[in-house]
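Kindly produce the complete structure, drawing on both the sequences and the hints.
Number of protein chains: 2
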Amino acid sequence: MHISILTFDGFNDLDSLVALGMLNRIALLGDTDWRVRIASPTARVTSMNGLTIDAHEDLSQLAKADAVLIGSGMKTREVANTPALMEQLHGIDPTRQLLAAQCSGTYLLGRLGLLGGTPACTDLTSKPWVVESGVDVVPRAFAARGNVATAGGCLASQYLVAWLIARLKDVDAAREVLHYFAPVGEKQEFIDRALAHVLPTLEPAHVAD
Amino acid sequence: MHISILTFDGFNDLDSLVALGMLNRIALLGDTDWRVRIASPTARVTSMNGLTIDAHEDLSQLAKADAVLIGSGMKTREVANTPALMEQLHGIDPTRQLLAAQCSGTYLLGRLGLLGGTPACTDLTSKPWVVESGVDVVPRAFAARGNVATAGGCLASQYLVAWLIARLKDVDAAREVLHYFAPVGEKQEFIDRALAHVLPTLEPAHVAD
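Residue numbers (our numbering), protein chains in the order written: chain L, 85 to 293; chain X, 85 to 293.
None of the hints are false.
For chains that are exact copies, the list does not tell them apart, and a pair is met inside one copy or across any two.
Calculated lysine-lysine pairs in the DSBU-like style (CA-CA distance at most 35 Å, straight line):
no., residue 1, residue 2
1, K271, K253
2, K159, K253
3, K159, K211
4, K148, K159
5, K148, K253
6, K211, K148
7, K271, K211
8, K211, K253
Hints are computed from structural coordinates only; laboratory data are not their basis.
Here you go:
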């Protein structure tokens, strides 16, 4: 399983890296087929908080991934207005991949025509221009329909992660990962809060228990 | 204000980088005196999830920081058993700095003799060997006494962040940062949950409202 986390220069650290750490827990638990990768147009990108990271792969890998998570950042509209970048995103396809977008990442999904009028989430700062672009923004932390999910607010990242793991593995794996990252003494309520978002969006086949 | 986030090779991405992103919000909001820095013994470090980042500063800066946050990772015991590394940590001092430790970072605080018998938090995986080292581990997400705070569970990071901002700025600033990062539609309960941990540990002088 190959999950690409699309990360541009000026990226929001939490929106790409909470997902990286949480999703990769499945690999650390022993799934040798599970690969989580930061995908960027350049070999190194620097966050909005001045953190420079090495990307794991370039954008040519996106179309081959089982899931693509679109991170957020300060330059999302710049990306959307750069044809050379947008061309590299045209290979992503919700009929054969899971697509997840965090905060301003929702804007890119909309600009790529991949939301299809479905209600979507974004953060409060991005909301005005995401709405203006024609996306039906709902005032919630998480929304999913079919193979596309969106989240609003950096620390709604865990809801996108839980959805991705529930869809790519199963709900028990999502529960295990949420348990690991949750604050001590608050684990059950943390898991319950995330699954209350995710479970209603799953088909019966994804919910083993 | 200078906050160093101590980050070693094999680091836990969330434990250093959620704090970096959240703490640096104060700088992005316009405080030009607010600097948040990844402090590492080498110029580049790689996380337990295979993310390579550039450090902002080396360990010689720790003693000069206003606050030091000790991150967590897979090599904490190795660090504690490497005198050349531990020597570089001896300059940190809770009589003139705020000290915060996340998960296995609590072990380093204990080994440095900086917990002074105070109850402390860590994650469930680290707990057995943190207890064995003599630390009084409590089954909670957050604990603070005086200038030292500890947190258990990666996503208790926001409680350490709220404490640091409440102490270095004020409670209103902590509230504003929590609001920004909270999931949409869940912001008030998110803020309340964090402040329920932090407020009881503050002196009246830190609580303007």
